[in-house]
Amino acid sequence: MNETVIAADLRKTFIGPDGKPFAAIDEVSLAVRAGELTALVGPDGAGKTTLMRMMAGLLKPDAGTLRVLGTDVAAAPQAVQNRISYMPQRFGLYEDLSVQENLDLYADLHGVPLELRRERFSRMLEMTDMARFTARPAGKLSGGMKQKLGLACTLVRSPDLLILDEPSVGVDPLSRRDLWKIVQQLVDEEKLSVIVSTAYMDEAERCGKVFVFHHGRLLAEGSPETLRGRARGLTFTARPPEGTPARDLQARLIDRPDLVIDAVPSGGDVRFIRRATGDDPRLAELLHDAPATPRPEELEDAFMMLLREHGKERGHAEPANGNDSAPQVAINGDKGEPVIVVRDLVRKFGDFTAVASTSFEVARGEIFGLLGPNGAGKTTTFRMLCGLLPATSGHLEVAGLDLRRARAEARGRIGYVSQKFSLYGNLSVRENLEFFAGAYGLRGAALKARVAASLNQFDLDPASRSGLLPAGYKQRLAMATGLIHEPDILFLDEPTSGIDPLARRTFWRTITSLAAHGVTIIVTTHFMEEAEYCDRIAIQDAGKLLALGTPHQVRQQAAGSGARDMNSAFIAIVEQGREPHGATP
Amino acid sequence: MNASGFTTRLVALTRKETRQMLRDRSNLIVGLLLPVVLILLFGYGLSLDVKHARIAVVQEDSSPTARQTVAGLQGSTYLSPVWISTMDEAERMIRAGETDAILRVPADFSRQLAAGNGRVQLLLNGVDSTTASAIDGYVAGALAVPAQQAADRAGNKPAGTASVAIVQRTWFNEPGESTWYFVPGLIVLVMTLIGAFLTSMLVAREWERGTLESLFVTPVRPLELVLSKLAPYIIVGAIDLAMCLLAAKFLFKVPMLGSLWVIIVASMLYLMVSLALGLYISAATKNQFAASQVALLASFMPAMMLSGFVFDLRNVPVVIQVISHLLPATHFMSLIKTLFMAGDIWPGIWKSCGVLLLYTVVLVAATRRKLRKSLE
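Residue numbers (my numbering), protein chains in the order written: chain A, 85 to 669; chain B, 632 to 1007.
For the record, the hints were derived by calculation from the structure and aren't laboratory data. Computed from a prediction, not measured in an experiment: that's the story for all the values here.
Just some of the chain B residues that point at chain A, by a computed CB distance under 8 Å:
no., residue
1, ALA643
2, ARG654
3, VAL848
4, LYS1004
Taking CB as the label site, the calculated pair distances span:
no., chain 1, residue 1, chain 2, residue 2, range
5, A, GLY522, B, MET932, 37 to 45 Å
6, B, GLU839, A, LYS432, 29 to 37 Å
7, A, ARG379, B, PRO850, 44 to 52 Å
8, A, LYS504, B, MET899, 44 to 52 Å
9, A, VAL430, B, GLY676, 45 to 53 Å
10, A, SER206, B, TYR675, 56 to 64 Å
11, B, MET899, A, LYS432, 45 to 53 Å
12, B, SER635, A, VAL430, 56 to 64 Å
13, A, ARG427, B, PRO850, 54 to 62 Å
14, A, LYS504, B, SER635, 41 to 49 Å
15, B, ILE951, A, GLY522, 46 to 54 Å
Derived pair list, reagent style BS3-like, types lysine-lysine, alpha-carbon separation capped at 27 Å:
no., chain 1, residue 1, chain 2, residue 2
16, A, LYS224, A, LYS265
17, A, LYS224, B, LYS917
18, B, LYS1001, A, LYS144
19, A, LYS504, A, LYS224
20, A, LYS144, B, LYS1004
21, A, LYS104, B, LYS917
22, A, LYS558, A, LYS104
23, B, LYS917, A, LYS504
Where a beta carbon is used, it is the ideal one built from N, C-alpha and C, also for glycine.
Based on the sequences and whatever the hints tell you, model everything.
Following this line, the structure appears as structure tokens:
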């Protein structure tokens, strides 16, 4: 058999939160080859999970046919389930059972014979590097370890087809690398057929074939090389003039969608895709002080092009973020003076030190990124800065106020956008804005004026129900409420997780223009490439500050290990930080 | 799939459920400690019996005859009489809730009695009607004895008054102890509790934590999931049943006229119904919070209010009667009370056990249907 999965005119419709049906999978036909890695890529909501659940026999297609390993999966789901292994996005580990008990349970359920089991278990434990933790309850493992255990449980027996649904989502770069090592090893050694869904292009790049999905439609398919070919000749790197941040140049480029398809800051330069080949005087004019050199095209480039094309086709492309739409938040005061001062900050929970003696300063108008693997102490640091959690010891000053004494007052000067959508879903956009404005003490005409300005600034429809907004618009609304009282400092906790790359570009455009107007931004993110938008970043691990400086300086610090991009720099720094103490779980 | 696959998977799943149950301390508190609390609460703390009812006696006639008449009040464990000098004071006491009743012996009592017309006045606090009517009965009883004795001594039956003496005896619960009445019902309540508070969490928790999606793609069958979730809780239920029966026998000395094995079989049958109902609610709601609310409203509360545990079902409106007869708890309640206090009455046993068995089968089948391996 050469194909593991064959789909023809597959369709699956759900009822959306607004009560209207929408097609999660829309007329999809594809064939997946056996014995190799196949990637399903696409932003959140592209239909990847729905397609995988149909392959696993957990959902029935509304139309079309789907054959998995030669069997019609809708007619005989159990026959397919007996031969495949499927790891859902949230793998069902029993947190109160130990690592070994979880493995045993899945081995029993799959009927793995005892003699085979011993060999398989030791192989899995060795690959996942978990042999030391077999007695530990699964609930006490870190996020990355849980994911590895999930993979091990999925692989207690050797399946004919392995389906992995976003195995690396919410997993830090180190664990992500380990997971992929395991999968790659299985493909190489056992000729395993693997279908994996991912939002990371560097992961798709490792696969033999890539299917690109968006809004339930299959946009393109092919090997990474053929897909990359779509961007050939259009990809360049521009170097900003000495002394200006790359993000200023990036903003200038991305504000011209007629000339530039996409632009992102990277390694101090700006990588961009131009709209057409050949000489264009307008592009030359746009780039006047930034020399551009061609660079090899990457899968990411092709992906962004496909998304932009498709977005336009569907008629709801993100509005071009011209200079006029930049939020008009004017803050008085000089740029450069520190607005956040952290000295010897410590936070302990019992005898566990979540944050160990951390010091840094953030200047007004700066974009400051806080990076680190899961459990590094980012969230704890963040909460202390926002005044949500008292520090155990140390000095903490926000907007010139000592957080130990004037916490309430300091809170009035900061805005906070949390990781989860924490607005009232059944209130309208206007009601949410009015509520938060009121909560920050605005009243009467001042409140009305601020709400009207916010609606205008973020291009929001005041009457729509907040809970029914698309993810990108929810993000805008969250930003609008965080900024309603015109704070000096804006805290953003993982603001871009779960929104698609196009919305992420728009979001960062808003952030950079806020900073240009003097708002100080503190942001945590697990997208390493987003660190490039920051003026300075700090890398934390196990409560300690491992690196602090501009993205360039941080890359320099990791230069010895040959790190080129932020992702590998991050991995190198965290590993260096861990070495003297031996690996920690 | 062959039978050995079924056994392997069932054993693996049951082991998993048992471990999860034992590792969650709140399970053991609800499963084993709460029943003990209920046994003690209902056994000792709750009683419909009126004992040591406070009664204020206003003796306006202090003649020996009058004293003799009310002397009977003192010998009873049901009444605690207090002699009060004036009616005003007694009225103040009943208003202040310091006494439950006033017995007034008027000044001309002896004279009237001699004339064959003896009357005393009994004022009752009717706020608590059950207590009031109980006191009425006790006082009438207490006064009747000396009156009868006096009449006997005098040897003269009042002419023309044919007296009918009622010889009263209560069957099945001879001393009229409400503990005897409550404790069998307690078994119903405890068995209901395990289903309503423990098994109702099981499936919903797996939905919430996403563990079901992973289980579904293994060769596991829905029925295996249902059975493995019932098994550990049957053990918990059996322990609770043993505690209830031991408490009934040794702590409260409730008679058990029916055979022990019939009581055990019937109780385990009801336990199955209760566990399966909890599981069904859990599988249908897919959410732990909703499941616990629904279980409380659909299972525990009705078992307490509508099963005949406290309130006699014949006195409730027809609609409520119909609803209460849809509840498995009602069938088991009447069965267990009969078994304890009247003995093995076979036609009733067959009928009730048949109903419980039917409920078990239907609920297990329905839960199995809800656990069809699909996310739709």
